[in-house]
Amino acid sequence: MSFCTRFAPSPTGPLHLGHAYSALVAHDMARAQGGRFLLRFEDTDLERSKPEYVAQALDDLAWLGITWDAPPLMQSENFYLYNQSVEALTSRGLTYPCRCSRKDIAAALAAPQEGAPHTVYPQTCKARSMAERDAGDAVRLHMDRALDQASAGLGFIEDGPLHCGVHPIDPVTLLDEIGDIVIGRKDIQTAAYFLASAVDDIRQTITHVVRGVDLFEFTQVQILLLDLLGHTPPRYHHHDLIRDDDGKRLAKRDDARAISVYRKDGASPDDIRFLIGL
2 MSFCTRFAPS PTGPLHLGHA YSALVAHDMA RAQGGRFLLR FEDTDLERSK
52 PEYVAQALDD LAWLGITWDA PPLMQSENFY LYNQSVEALT SRGLTYPCRC
102 SRKDIAAALA APQEGAPHTV YPQTCKARSM AERDAGDAVR LHMDRALDQA
152 SAGLGFIEDG PLHCGVHPID PVTLLDEIGD IVIGRKDIQT AAYFLASAVD
202 DIRQTITHVV RGVDLFEFTQ VQILLLDLLG HTPPRYHHHD LIRDDDGKRL
252 AKRDDARAIS VYRKDGASPD DIRFLIGL
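If you read the sequence shown in our numbering, its first letter stands for residue 2, the second for the next number, and so on.
For each label pair, taking beta carbons as the anchor points, the in silico distance ranges come out as: (1) Val-121 / Arg-236: 22 to 32 Å; (2) Arg-129 / Lys-265: 51 to 61 Å; (3) Phe-275 / Gly-156: 31 to 41 Å; (4) Thr-206 / Ser-269: 29 to 39 Å; (5) Asn-84 / Ala-153: 27 to 37 Å; (6) Ala-153 / Arg-100: 27 to 37 Å.
For lysine to aspartate or glutamate, the following DMTMM-like pairs were computed, each having C-alpha atoms within a straight-line distance of at most 25 Å: (7) Lys-51 / Glu-78; (8) Lys-127 / Asp-149; (9) Lys-127 / Asp-171; (10) Lys-127 / Glu-178; (11) Lys-127 / Asp-145; (12) Lys-265 / Asp-60; (13) Lys-265 / Glu-53; (14) Lys-127 / Asp-228; (15) Lys-51 / Asp-70; (16) Lys-127 / Glu-88; (17) Lys-127 / Asp-177.
Don't read these hints as lab results, they were simulated from the structure. Each residue gets a CB set at the ideal place from its N, CA and C atoms; glycine is no exception.
Work out the full structure, taking the sequences as your base and the hints as a guide.
Printed below as a string of structure tokens:
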């Protein structure tokens, strides 16, 4: 299969220098390999995702010289597909309903970020069956059973410079450090990051995932989900993060480093490449 990668921001704020770095690295790799570069907007947070951020992102990416090979995929248009995947895993006995606090579950739906602690779920609802599911319940992956059904020798290949090599999945890490992740929350019409990302990598036939190293430790979760959904995992390239003067990862709230601000101040695409070390 030919090289295919993607850039998948959440449109909850303007793209900044960190986004530029990730998008350009992925785009340059795809073009060097004669492959495809795709866009995906992870806009399942319907309260914070805004159409104007999507429009600004498309404009900023085009200004940087980035081209994409298909219309952008919008996750908010495909909730039914993520729900189908939840049902497929449920049919194999791999899920259970969770009625724990909305705040905790909302946090568990999002992509992990550097500096944000990951709390291992204490399995409060693990004895419940899906037959007991209420409208307000989330759905969690039963990690023990999922690992029992995983393919033998499951792992992934990392091409990035920070963790290059073959990485087998580690059941101890998945059970004790990651735990029973949320994979669905139907009542608020949203999708969990880990499952939605896995489903969309399958749909977009992604062969290489290029993204920040802050997601490296959670790659095992997506490898497991991809396997349970019947697909071979892509290769991964986790790159270092663009940081501010204090060494902190850039965030969307750091508007001073938004690409649009640099553009207004007269910067060129080459200036952006220079600023981020490309």
